[in-house]
Amino acid sequence: MNDNTLPKRDSISAQHRKTVAGNLIFNILNYLFFTLFAIACFFPFYYLFINTISDNDLVSSGAVKLFPRGIHFGNYISLLNVNDLGSSFLVSVSRTVIGTILMVLASAFVGYLVTKKEMWGRKFWYRFLIITMYFNAGLIPWYLNMSMLGLTNNFMGYIIPSIMSPYNIILVKTYIESIPRELEEAAAIDGAGYFAIFRKVIFPLCKPILATIAIFGAVGHWNSFTDSLILMSGNPKLFTLQHRLYIYLTSSSNISAFMSSGNVTNEMVTSLLNMKTIKFTVAMVTLIPILIVYPFLSKYFEKGIMLGAVKG
Amino acid sequence: MDVSTEEVDGTNKSVPITANASSVKVKKPVEIALRIIIIGLLICMFIPAFNPTHLSALSDKNASLFTTGISYESLSEGFSRALKKGWIEQSVLTMTYIGALITCLGLVTAGIGCAVTLGELRLKRIGGSLGIIGGITGAAGLVLTLVQYPGYVNSKKPDKIEAMIPLGIYVFFAIIALCIIIGIIYLVTLPKVTEKDKYEMAPKFKLFLMFLPFIVLLFLFSYLPLWGWRYAFYDYTPGAELTSDNFVGFKWFAYLFENSATRSDIIRVLTNTLAMSGLGLLTSWMPLAFAIFLAEIKNNRFRRVVQTVTTIPNFISWVLIYTFAFALFSTEGFVNQFLIDAGAYTEPVNFLMGEDGIWFKMLLWGLWKSLGWNAIIYIAAITGIDQQLYEAATIDGAGRFAKIWHITIPELMPTFFVLLLLAIAGILSNGMDQYLVFKNATNKNTIEVLDLYVYNLGLGGSGGMSQIPLSTVVGMVKSLISVILLFAANRVSKAIRGESIV
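For the record, the sequence lines run as chains A and B. When we follow the numbering used here, the leftmost residue of the first sequence carries the number 1161, and every step to the right adds one. When we follow the numbering used here, the leftmost residue of the second sequence carries the number 2, and every step to the right adds one.
None of these hints come from the bench; they were simulated from the model. Honestly, I wouldn't trust all of these hints.
[Claimed, not checked] Once the Cα atoms are required to be at most 35 Å apart in a straight line, the calculated DSBU-like pairs of lysine-lysine come out as:
no., chain 1, residue 1, chain 2, residue 2
1, A, K1277, B, K252
2, B, K252, B, K445
3, B, K205, A, K1367
4, B, K440, B, K495
5, B, K62, B, K158
6, A, K1283, B, K158
7, A, K1225, A, K1436
8, B, K157, A, K1459
9, B, K299, A, K1459
10, B, K29, B, K158
11, A, K1397, B, K62
12, B, K158, B, K252
13, B, K86, B, K161
14, B, K62, A, K1225
15, A, K1277, B, K370
16, B, K197, A, K1360
17, A, K1283, B, K199
18, A, K1367, B, K445
Let the hints inform the model, and build the full structure from the sequences given.
In structure tokens:
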């Protein structure tokens, strides 16, 4: 064998050198591309943040570019005086918490029920559930329906429609089907009914997948903006934080319109001049909860997306 | 999904089947009639035309009994002026509302009774009784509503209030009476309960009843909106009633093509939609490439950091992304300051204004948001590829790119194919969030996609809510085309891969 390769050694090493050079260039370009893309993804967050903590005068004169200057946290404190921000924050937090809990419990229970082959009309009802993923009546009929059900300008309008989430139910169902059936059977022999089996056997075993859908559900609730825009137009007290931010962003009126008139102090006046930083600070407040849950999120989403791929 | 149909069902066995032969002999037709009537009552509860609380011309003609029963606002809304001027007593409205609420509770009780009749004898008796109790409660609520009628007639401005006895009162009284009678017949014909009978229900019905509340939710929020499609066939303005007078058939469908302004709007909006979806389809290979190139990076820590950082944008809302765009690209934004400092130009440019390249800009923001996230499914798929394939290829002398070309890409193709088909099926649905937040006076013509158009036409923008029929028509056509596209995509998938995607 060695004899055979010997004459070719020169050409091989030349080719080898070429491959090494090609690999090197490829690696450099590859690292370069991903570094740049990662910076592009990260920079807006950073830029927004340094603008909110820098001196407001420097921000408005455009002096803050890559590094914060004149660090202070006055903008965050002055948010306390922004009209309606508190109620929006409360609405966003409560819809996220209540909506997510109910959605997770419902998905877990329904996911368990649809694995039960003896259910009356199981196939039909399962299809009844699945079809809703691919077909909807459209925005206007949906709105008219919500208004008919009395869910417009009503906090429950955020919660009740999102309880049933077919996609999450399928994720749970797939997960439950991977749990050994013997566990359920043993509990049934001990005399446990369906609900007891669900509560004592299935639910505890499903925790990983429930954590996954809980985090996705919470992010969805927190980020949701159009439902506030469409359903709650008659009751500004029920606007979500995202909606409030959208209003601030698109509003061309003076910042003082946003402030409760009573509390304008001298310190505030400087920040009043700078509407931009107020907008950015509201955005940061909207962003921070996402950044806090993100580490938990990243732990679960790969699992979630893979389970989603084997749906059906 | 039904791989294990053959397996023995432990839970089924564990529940003893005790229903003895004598108690099974129930008058089936009566039972079925009772169930149908109660279900009919529950359906009538959602039909605005049968709302028994429409005691005045001022009440909202599109509110059903259910709506009135759960929210006082829906009843009092039309009377706000009358209440302010003191034409009508507040207590009359309140009592009407309480009547509606009691009727609703009665009907729900009857509904529960209907569900309980699925059980064995003892439960059947309870179900029948609940049906009767519910019927009586419902009737009591109706009576309470009806005794408010003089309050409407004797109001200070009878010509404005226009008191009337609605059709719904008769309808509900008739059906409820029928329900009570049949309920009594049912109870009488049921055999006597013996010691042996227990409170039992067959497991299949038990499971169904547990599922039922969720079926109701699904029905209310995913199927009931289809009922709203009827607005497409009426000359509807908010507050009006849907009657045979303003029924216009397919007028609005024809209007789409005949009215030149609407037609050009539709063409413009469709162009935008297809352009943006098309750009999305053209770049649908990017997540795949992203995943492959990322997998080529052997430094684990670097790879993890990149993956983490590029995924975050997917989890923030479009409103926040617009804030970023505003911070970076507006007149005072980072890019302008940077370029002016660098001497590229002196006058700042607002990159968010104007319609030049707006499709492309939207595409870039879309990629910024979702490229890293969309790559995850491919990254996971790459880790799932059998390593022996690569080892064998290395032994055969395949280089890095040969391995990518001949192993990685073919292994990822099925996933890519499915996602591509789903993207084609969703070509008309780009959502509205992104375009709504980036929309402004200077780009509104080129940024408006179909979803946003429907929203602007029906709920936002000029003309208030007057365009509801037309926007319903557009939404209807869109939904139907989307479903057809999905089935077509599914067909293609079945033909090529032998697997369905939905």
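query = Do the alpha carbons of B/K440 and B/K495 lie within 35 Å of each other, as the hint requires?
reply = With a Cα-Cα distance of about 40 Å, the restraint between B/K440 and B/K495 is violated, given a limit of 35 Å.
key: Hint consistency between A/K1225 and A/K1436 [alpha-carbon to alpha-carbon, up to 35 Å]   = Given that 35 Å is the threshold and the Cα spacing comes to 15 Å, the pair holds.
query = Straight-line Cα separation of B/K197 and A/K1360 no greater than 35 Å?
reply = holds, 31 Å
query = Given the hinted pair B/K158 and B/K252, is their alpha-carbon gap at most 35 Å?
reply = violated, 38 Å
ask   = Taking only the CA atoms, is the gap from B/K29 to B/K158 under or equal to 35 Å?
value = Answer violated: B/K29 to B/K158 is near 53 Å, above 35 Å.
query = Does the alpha-carbon distance linking B/K299 and A/K1459 stay inside the 35 Å limit?
reply = This hinted pair holds, its Cα atoms lying about 21 Å apart.
query = Keeping to a limit of 35 Å between CA atoms, is the pair of A/K1277 and B/K252 held or broken?
reply = violated, 48 Å
message = Hint check: A/K1277 vs B/K370, CA-CA at most 35 Å. Holds or violated?
response = violated, 41 Å
task = Take a quick look at whether A/K1283 and B/K199 sit within 35 Å of each other, Cα to Cα.
result = Holds, at about 29 Å.
request  = For the pair we were handed, B/K157 and A/K1459, check the Cα-Cα distance against 35 Å.
outcome  = This hinted pair is violated, its Cα atoms lying about 67 Å apart.
task = Starting from B/K205, check that the Cα of A/K1367 is at most 35 Å away, please.
result = This hinted pair holds, its Cα atoms lying about 27 Å apart.
request  = For the pair supplied as a hint, A/K1283 and B/K158, confirm whether the alpha-carbon distance does not exceed 35 Å.
outcome  = violated, 57 Å
Going down the numbered hints, you'll see the structure goes against 1, 4, 6, 8, 10, 12, 14, 15, 18, while the others check out.
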